[in-house]
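Letter by letter, the chains look like this.
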Amino acid sequence: MYIKPASQPARAWTLLEMMLAVGVFGISSLALASIFLFSVRSYAALANYAVLDQYNRQAMDQVTYEIRQAQQITGYSSNSTSSSLTMVNGAGLTVSYTFDAAHQQVRRTASDGSFKVLLTNCNLLSFGLYMRPPTNGTFDVYPVDMGTNWQSTVKVVQLTWKTAMSICPTALVNSEDIQTARIVIRKQQGS
Amino acid sequence: MRRRFGLGQKGGTLVEVVMAVAILGVMGGGIISSINYGMFMMGLARENARATQIMLEKLETIRLYNWSEVTSNGFVPTTFTDYYDPQGASNRQGAIYYGSMTVSNVNFSSTYSTNMREFTVTLRWTTAGRISHNRSMSTYVAKDGLQNYVY
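Line by line, the protein sequences give chains A and B. If you read the first sequence in this note's numbering, its first letter stands for residue 1, the second for the next number, and so on. If you read the second sequence in this note's numbering, its first letter stands for residue 1, the second for the next number, and so on.
Don't read these hints as lab results, they were simulated from the structure. You can trust all of the hints, since none of them are fake.
Mimicking EDC-like on lysine to aspartate or glutamate, the simulated pairs with C-alpha atoms at most 16 Å apart in a straight line are:
1) LYS143/B / GLU69/B
2) LYS162/A / ASP100/A
3) LYS162/A / GLU176/A
4) LYS143/B / GLU118/B
5) LYS187/A / GLU60/B
6) LYS162/A / GLU47/B
7) LYS187/A / GLU66/A
8) LYS162/A / ASP53/A
9) LYS162/A / ASP85/B
Cβ pair distances, simulated, as ranges:
10) ARG132/A / ALA142/B: 14 to 22 Å
11) ALA50/A / THR81/B: 25 to 33 Å
12) ASN115/B / CYS168/A: 56 to 64 Å
Every residue gets a Cβ at the ideal spot worked out from N, C-alpha and C, and that includes glycine.
Next comes chain A alone, as it looks inside the complex (with noise of 0.2 Å):
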């Protein structure tokens, strides 16, 4: 029988294995790394979608709803900050919808007392106003003419929003829903 001394020294690495295997160790991480990092910032971006796309269809089929039943539009208003919509609804309550743009919020508020945050992250909200007779041979309708009684006229509302989200508060943003809807008023004047 014969048993190999463990005293004997083993054969250390070279400088060439050694940067060999610290290469390639390198380089495997790196890839797991940004494999890693790729993955993370595509399921959160995914998520995001999701949650914003859950949101605004909530957030649209309420606006689309309360503005086709509305009885009129009573009043509006639209600067770089804020903009807001102001209408009497189906149910004879008075409500509005005010974006306010430093808190990236879409609130509805009513006469009834009622207040809801409709969407989060909302960077963009423009209301258009039209009238009745739509255009030749466009899809198009002409704008209020905002003078004296302009409330009465006003029979399309064109919305457009935005929202977006990132992945933390210092990425860029990652992911961006956009709304626009056209919505005829189906209230009779006068009634």
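With chain A held as given, fit chain B onto it using these hints.
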């Protein structure tokens, strides 16, 4: 009996290392391509949702036309173009939607069928420059229908 101690084990050969790296590469490529496919499908779902909005906008406008405008040749435009992000900069508006609108007689016969028209809006767009899509939506308009009720 021979016993070995310490670092006397045989290392991986070049072929083994290459195989291991190749397997890792295929796994990484699979992960990345599956994520890319997920992003592509999400993008497609968003483009579809936007297409629905565009078609609804066009059909909503039809509610404003009176009967003579509905039946007037050329009053309702036959083609239009829209964008995924109409508010975006000129080169960052996303998918371009090419639309068409047709007004036709209704495809059923009845005493009132001559007083009805069928509007069909069709959208065509391309995803990622290579996959074409078509979607359409139809609605009926009646001579004594909604447009007489709406002021």
